[in-house]
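Q: Given the coordinates of chain A, assemble chain B onto it according to the supplied hints.
So the chains spell out like this:
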Amino acid sequence: MNLLPDTYHIQQTFSDWCRTGKKVQLPGVVADRLVHYRRLVFNNIRDTMENAFPIAFNNIPSRKWDKMVKDFFAHHACQSYQLWKLPLEFYTYAVEHSWDEQYDIPYLNDLLAFEWAEMELYNMEDIPAPAYLTEGNWLDTPLVLNQEHRLLSFSWPVHLKAKRRELMTRKGVYFALLYRHPETGSIQFTDLSPWLAFLTEQLAQGITVRDILDYAPQLHITETDTLESDTLAFLKEMQQQHFVLGFQS
Amino acid sequence: MVGVGFRREFAEELISGEHIRPDFVELAPENWMNIGGYWRKILHRVVEKYPVLCHGLSLSIGSPDALNKEFLAYVKAFLQEYKVQLYSEHLSYSKCDNAHMYDLLPIPFRMDAVRHIVSRIQQVQDYLQRPLAMEIVSYYTPVAAEMSEIDFINEVVKHSGCQLLLDVNNIYVNAFNHQYDAKAFIQQLPLSSVAYIHMAGHEQVAPDLIIDTHGEPIIDPVYDLFEWTLAHLQPVPVLLERDFNIPEMIELQGELSRLKSICHKQWKLKDELVA
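Order-wise, the sequence lines are chains A and B. Letter 209 of the first sequence, counting from 1, is numbered 208 in numbering that gives the first Met the number 0, and no numbers are missing. Letter 234 of the second sequence, counting from 1, is numbered 233 in numbering that gives the first Met the number 0, and no numbers are missing.
Derived from the structure by calculation, the hints contain no laboratory data. Each residue gets a CB set at the ideal place from its N, CA and C atoms; glycine is no exception. Please note: incorrect hints may appear among the correct ones.
Said to hold, decoys possible - Counterexamples of contact, computed for chain B against chain A with all Cβ distances above 10 Å:
#, residue
1, Ala10
2, Glu12
3, Ile14
4, Ser15
5, Asn30
6, Glu80
7, Asp102
8, Asp125
9, Tyr126
10, Arg129
11, Pro141
12, Asp223
13, Ala230
14, Gln252
Stated by the list, open to error - Straight-line distance between alpha carbons at most 25 Å, and here's what the computed DSS-like set of lysine-lysine pairs gives:
#, chain 1, residue 1, chain 2, residue 2
15, B, Lys264, B, Lys182
16, A, Lys84, A, Lys69
17, A, Lys84, B, Lys182
18, A, Lys21, A, Lys69
19, B, Lys40, B, Lys75
20, A, Lys22, A, Lys84
21, A, Lys84, B, Lys264
22, A, Lys170, A, Lys235
23, A, Lys66, B, Lys40
Said to hold, decoys possible - From chain A, some residues computed to sit far from chain B (all C-beta separations above 12 Å):
#, residue
24, Gly27
25, Leu39
26, Ile44
27, Asn57
28, Asp65
29, Thr91
30, Glu114
31, Pro129
32, Trp137
33, Leu151
34, Thr221
35, Glu236
Looking at chain B on its own, in the form it has when it is part of the complex:
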């Protein structure tokens, strides 16, 4: 399955299905919960047409602040109402001192942060009665790290029992920004826990820095890394994210088709090997 992030900018095109036809759509509950009027009608039409996966923005799993139970109750109701098959979030924090930041801040790679996050993931999973798929986020600087990124992630997954959302573009961006080998990094991840893949474009803003913008087409080296990664994974849903500089639908559909053909090639090969 190859899906696309649901944006209001191309909602009508998704409903018509004339120029773009993903296998599923992904949406952020925060952008749609308690919405009425025109957009609720549109949401219902999209949900009638496509399976829905959800990717949250405001859980702030790495926050020092307490989990927001009212928010979680809304998320739970939303996931039930729209029969959402998978709920993912970010391995980052976006709230501190009771203030939302509305962006993904990097968590210090430290063991006390691991314990903190593990406990919170477990609370959320218990409450929602479903596993969380946590996304390895792109980051531009480490902050007060006492352990490696890979150890940090592995400890979180091992002790929380969460799944992983592997954003291949993020791994590419992080490998570039922090000068490590993306493939070696991916090989060290608990790949059997990967439940979902994201793909996106980015923007290089300096000779040594890439920003994860979701505003450009996916570049060839990220496609190559994606193809290499699939060879090490069981089939999982793949999502194309495009949040800014929305192109013509035919261009987005082109990216979806390219992703799909790579999935077919790699996972068909794997099926043949298994058989």
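Extracted from the complex, chain A is given alone in its bound form:
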């Protein structure tokens, strides 16, 4: 590297100022103009998080939210050279630093995970669909699913409720399936029962519906009279919604 230690240190100091807003000593700067760099840099980060997590932004008191974003940007070295991926680092930072406890927002991790999954799915690279047939045996032919999906599990129904008051009384076990519509690229999501979440997970592994149904008793599912018909109805509906693409060829 051709940089002298002094120049290197000056660049570090300048970037520290931008990240933290803490007063620094820099030679040859116009002090009252330095503030604009911190403002412009931080506003960009704040706007990015606000756009990526609109539900969280609206749900969390603004002072708390502002503190979170400032904390994140000051103490986390942002790694992505693509700004749109930075919210993943924000979410990860929140989990690693137990912000759910620190800020008394028990559903925070679930909410950030849900909103990030939506953004990631919307933007992520195309995954070519495997070859499939449009007709086949629902029970015995492995199904081909839309590969552009995320199956998420939550302790709080962040995909169904947005207000703290409603969320806080509903701790439980929830599943949500998010997928990208192959034609429009829009993100669809649907709430799943534990059984349908299990089914989706197994189908993605290439297991047939019949084999999955056979496993139901081991999941202590005893109400099995309508399980097969309900399951097939769900899958047929999901074919209409472009999540089930068809049958393995």
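A: Showing chain B alone in chain A's frame:
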């Protein structure tokens, strides 16, 4: 050629070409690489319709940190995939201590910084197998300068062999903010290295300070400086940047048309003189 910066906000209008019809579009690879779904389809439609130039955001040529080779590989693949005719970047830094800042920080005008940047530009040019056009950025305060801005830029261009992206609005902003003569500054640049011009609007936030926002229309004094500058240059592509406060397309097209008419006037005159 007069183009416009490709923004998602008016992607559909660009594709339809009904109210706005640039000669080319410019996009930031970082905003489009590895993108799928709806926006990849849109990108392909835009690329089918218009030639593409690229203006990067995350190279951070002035950074103390090492160049990111994985990132460069993506850039190279992107430039090839979309048959990009020109790749430009900023003479600034946006990453330090392994942390991206996502904005353009001013480099200290110093000889060791020149040597550092020259070496990095050469590495990038060798890897990409194409020249880099480096943009003279707007800045609001010098930082620990040991040489003048113009000497700094000239040394970088002379020793790296890079091209220049002359953002006329930036020169206007810098001249205002640091109280120098914009025309005298431009005359001292290696003008034969200018490969690309940017034009944009700005916002005056204090009696002695302008911020380069790309959120307003170009003002008349910047058009005047642009026209004066063209008289000293060979024809190169000209880009209108508009990143915020996106107006009606007819207004943007009006700015494109005005830029184009100035190009025709100045460069036609030059052609006649050459003939």
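Q: Each of the hints needs a verdict: does it hold here or not?
A: Against the structure, the hints:
1. No beta-carbon of chain A is positioned within 10 Å of the beta-carbon of Ala10 (chain B); the least distance is around 13 Å.
2. No Cβ of chain A comes within 10 Å of the Cβ of Glu12 (chain B); the nearest lies about 19 Å off, and the non-interface call holds.
3. A cut-off of 10 Å between C-beta atoms confirms that Ile14 (chain B) is not in contact with chain A; the least separation is 15 Å.
4. Annotated as non-interface, Ser15 (chain B) keeps its C-beta farther than 10 Å from every C-beta of chain A; the closest such distance is 18 Å.
5. Residue placement check: Asn30 (chain B) does not keep its beta carbon more than 10 Å from all beta carbons of chain A (closest about 7 Å).
6. With a least CB separation of 13 Å from chain A, Glu80 (chain B) remains clear of the 10 Å interface cut-off, as annotated.
7. Under the 10 Å C-beta cut-off, the non-interface status given to Asp102 (chain B) relative to chain A is violated; the minimum distance is some 5 Å.
8. Look at Asp125 (chain B): its CB is around 17 Å from the nearest CB on chain A, clear of 10 Å, so calling it non-interface holds up.
9. Distance check for Tyr126 (chain B) against chain A: the nearest CB is about 16 Å away, which clears 10 Å, and the non-interface claim stands.
10. At roughly 20 Å, the least C-beta separation between Arg129 (chain B) and chain A is larger than 10 Å, which holds for a residue marked as non-interface.
11. Non-interface call for Pro141 (chain B) relative to chain A: violated, since the shortest CB-CB distance, roughly 6 Å, does not exceed 10 Å.
12. The beta carbon of Asp223 (chain B) sits about 26 Å from the closest Cβ of chain A, which is more than 10 Å, so the claim that it is off the interface holds.
13. No Cβ of chain A comes within 10 Å of the Cβ of Ala230 (chain B); the nearest lies about 33 Å off, and the non-interface call holds.
14. Distance check for Gln252 (chain B) against chain A: the nearest CB is about 28 Å away, which clears 10 Å, and the non-interface claim stands.
15. Between the alpha carbons of Lys264 (chain B) and Lys182 (chain B) the distance comes to roughly 19 Å, so the proposed pair stays at or under 25 Å and holds.
16. Only pairs whose Cα atoms come within 25 Å are accepted, and Lys84 (chain A) paired with Lys69 (chain A) is accepted, the gap being roughly 18 Å.
17. Simply put, Lys84 (chain A) and Lys182 (chain B) have alpha-carbon atoms about 41 Å apart, too far for the 25 Å limit, and the pair is violated.
18. Between the alpha carbons of Lys21 (chain A) and Lys69 (chain A) the distance comes to roughly 12 Å, so the proposed pair stays at or under 25 Å and holds.
19. Between Lys40 (chain B) and Lys75 (chain B), the direct Cα distance comes to roughly 21 Å. Compliance with the 25 Å bound is thereby established for this hinted pair.
20. A threshold of 25 Å between alpha carbons decides the hint, and for Lys22 (chain A) with Lys84 (chain A) the separation of about 29 Å lies outside it, so the pair is violated.
21. Taking the CA atoms of Lys84 (chain A) and Lys264 (chain B), the gap is about 44 Å. The hint is violated against a cut of 25 Å.
22. Distance check on the hinted pair: Lys170 (chain A) and Lys235 (chain A) sit about 30 Å apart at the alpha-carbon level, beyond 25 Å; violated.
23. This hinted pair does not check out: Lys66 (chain A) and Lys40 (chain B) have alpha carbons roughly 38 Å apart, beyond 25 Å.
24. With a cut of 12 Å on Cβ distances, Gly27 (chain A) falls inside the contact zone with chain B, its closest approach being about 5 Å.
25. Chain B draws Leu39 (chain A) into its interface by the beta-carbon criterion, the shortest separation being 6 Å against a cut-off of 12 Å.
26. Listed as outside the interface, Ile44 (chain A) is inconsistent with that label: its C-beta sits roughly 7 Å from the nearest C-beta of chain B, within the 12 Å cut-off.
27. Taking the minimum C-beta to C-beta distance to chain B, about 22 Å, the non-interface status of Asn57 (chain A) holds against the 12 Å cut.
28. Even its closest Cβ contact with chain B, about 18 Å, leaves Asp65 (chain A) beyond 12 Å, as expected for a residue assigned away from the interface.
29. With a closest Cβ-Cβ approach of about 15 Å to chain B, Thr91 (chain A) is found to remain outside the 12 Å limit, as its non-interface label requires.
30. Residue-level check passed: Glu114 (chain A) sits 17 Å from the nearest beta carbon of chain B, beyond 12 Å.
31. With a cut of 12 Å on Cβ distances, Pro129 (chain A) stays outside the contact zone with chain B, its closest approach being about 16 Å.
32. Distance check on Trp137 (chain A): its Cβ is at least 28 Å (rounded) from any Cβ of chain B, clearing the 12 Å threshold; non-interface status holds.
33. Its beta-carbon lying about 19 Å from the closest one in chain B, Leu151 (chain A) satisfies the requirement of being farther than 12 Å from that chain.
34. The Cβ of Thr221 (chain A) sits about 41 Å from the closest Cβ of chain B, beyond the 12 Å cut-off, so the non-interface label holds.
35. Consistency note on Glu236 (chain A): stated as away from chain B, and its beta-carbon is indeed over 12 Å from all of that chain's, at 23 Å minimum.
Violation of the numbered hints given earlier is confined to hints 5, 7, 11, 17, 20, 21, 22, 23, 24, 25, 26; the remaining hints are satisfied by the structure.
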